[in-house]
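Peer 1: Residue numbers (the numbering used here), protein chains in the order written: chain F, 18 to 282; chain X, 53 to 136; chain G, 5 to 138.
Any given hint could turn out to be false.
[Claimed, not checked] Here are the simulated lysine-lysine pairs, DSSO-like style, with alpha carbons at most 27 Å apart:
1. F:K182 with F:K132
2. G:K38 with X:K75
3. G:K126 with X:K84
4. X:K84 with G:K132
[Said to hold, decoys possible] Stretch by stretch, here's where chain F covers chain G in the computed footprint (C-beta under 8 Å, at least three residues):
5. 78-90
6. 105-111
7. 115-122
Hints in this document: simulated from the structure, not taken from any laboratory.
Source: prediction; values computed, not measured.
Every residue, glycine too, gets a C-beta built ideally from N, C-alpha and C.
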Amino acid sequence: MRSRGALEELGLVLSILLGVLLTYYLVRADVVSLTYGNIPLANLYLRAVPDPSSPFTSRSPEVVTSVIWDQRGYDTYFETSVLFIAIIGVLYLAGLGGGQGNSSVSTVIPRVIAKILFPVIVAVSVSVALHGHLTPGGGFQGGSIFAVAPFLYLLVFGRRMLEGKGFRANALVFARSLAVFLITVVGSIVLVVGLLTGVPAFLFQNQPKPQLSPIGYPAYVVLPWGGIFLFSGTLMILNVLEFTAVSTGFTLALVIIDTVTGGRE
Amino acid sequence: MTPVIILLLSAFSAVMALIATIKIVYERDVLKAIIISGVESLFYSIILASFLAPDLLIAYIAVGLGLNSAILLYALRGGERYEE
Amino acid sequence: MIAEALFYLIVFAVGVTIGVSIYGIIVRPHIVKKLVLLTILTDAANVMAVLFGYYLRAISPPVYPGGSLEDFAFPSSAQLREFSSISVDPIPQVLIVTAIVIGLAELIFLSLVAYNIGVNYKTLMINKLEVEEE
C-alpha cells in the first residue's frame, strides 16, 4: 500500500459516500424493496407468457427467454446488432497491429486436458442454447459458453491448429453475418406474410394474437410417435441463430486479440 | 422466505467483493489486480445464484469467470505491468 | 428481521462497490487498471439490477417448473397467478443477459485499443503518454 495523499483520501471517502447515497435513495424510492411483490408489468409477463389463452402468450414456460425474444424483440435485436458492431470494431483494429507469433509448444498435461474439455464445453453450450425456451438458458448464454472451447484450444495449441479445426476467420465472419441476417428474416416473416395477405401482423411476432393478428408461428409439432415437440414458435429458432452469432463472434474476436498481441502460432 | 444461510453467504460475498475492489484500486501490480477481479467475479456469481437468477448465472460464469480476466491479460501485453 | 438487515447490507455493499470502482477509474493512471475497474463497475451494476427484482417472499426463478419437451402441459391461469406471486421479477434479468454478453464484446474491443495504445506509445500510463509537439 503506498502512502495516500490527502486528496486521494478525500476522493475515496467521497466515492464511498456516493455509493451509500445512491443506494439510500434506491431504497427510499422503493426500487430496491423487500416487502412489495412483483410490479404489475412483471406479473403481466409471468401470468401471460406461459398461459396459452392470453393474447401475450409465447407458449413457453421460460419467461426470461420469451420476454427476451418475443415481448421485447426489438431491444434484443438491437443489442445483437451492438454485439455485431463491436466485433466489427475488433476486426478493424486487427488490421492495424503487427503481432509476432511465438512458437513454443505447451506441455502434455494442458494438451490432454484441452482435448478432453473441448467436446464437453461444446456439448454443454449447445444444450444450454437448445433448451433455452424450456429451462434457464438461451442463445446468449450458450454462445458465450461455446466461446470458451476454441479459446482453450487457442491458448494450448495455437492458432494454426484452431484453423485446422475449421475456425478460419472468413468462415466465422460469414456464419456470424448469416446468423444475424436470418434473425432479421425470422423476425419479419410474419409481418411480410401479413402484408401480403392483408392481415394485421407485427414485426418480431411469435404467436397468433387472438383479436389482433390471426397468423403466427406454430408453438409445437405433434410428433408421429406421440408426444409433442414444443419449440414455442420463434423462441427456439432465434435461440439457435443467436447461439451461432454470439459463438462465432466471440471466437473470431478471441482469435484476433490473440494474433494481434502476438499469440502462439 | 429464503433461508437466512443463503442471504448470509451472499452478504459475505458482497462484502468480500467490496474489499477486493478497494484492494484492486490500491494495488500496484496490475497483473495481481486482474487475478483479484477474477476472484471477485466468483463472488458476484454467488450473489447471482442466491438471488434466483439462473439465466444470468449461466451467462455470467462463462463471461465473468472465464473470459474477462483472460482478455484483460491480453491487454496487459501492450505495456508495463506495474503502475506509477 | 435478520433477512432485511442482510439484504440491505448486500445492497449497500454493491452500491459502495459501484462508487469505489468509479473512483478507481477516474484516479488510477494505468489503462488496463481502468479496464479492470470498468468490468467491476458493469458487473456490480448488473448485480444491483438483479437485486431490484428480488423480494423476500420470492422462492422460484422466473421459469415455470416442469418444462420438459415431452409432457409439457400448459399451466392454467390459476396456477400462473400463484406462480407469479412467488417468482422473482423477470424484467431486470432479461436486460442483464444481453448486457453481460455485450459487456464482453466491448471489453475485447477496449482491450485491443489498450494494447494498440501500449504498443504505439510504449507506455500504458495515461500521464506518461508522449504528446508529439507539432
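Peer 1: I'd like to know which numbered hints this structure contradicts. Please list them from smallest to largest.
Peer 2: Per hint list: zero violations.
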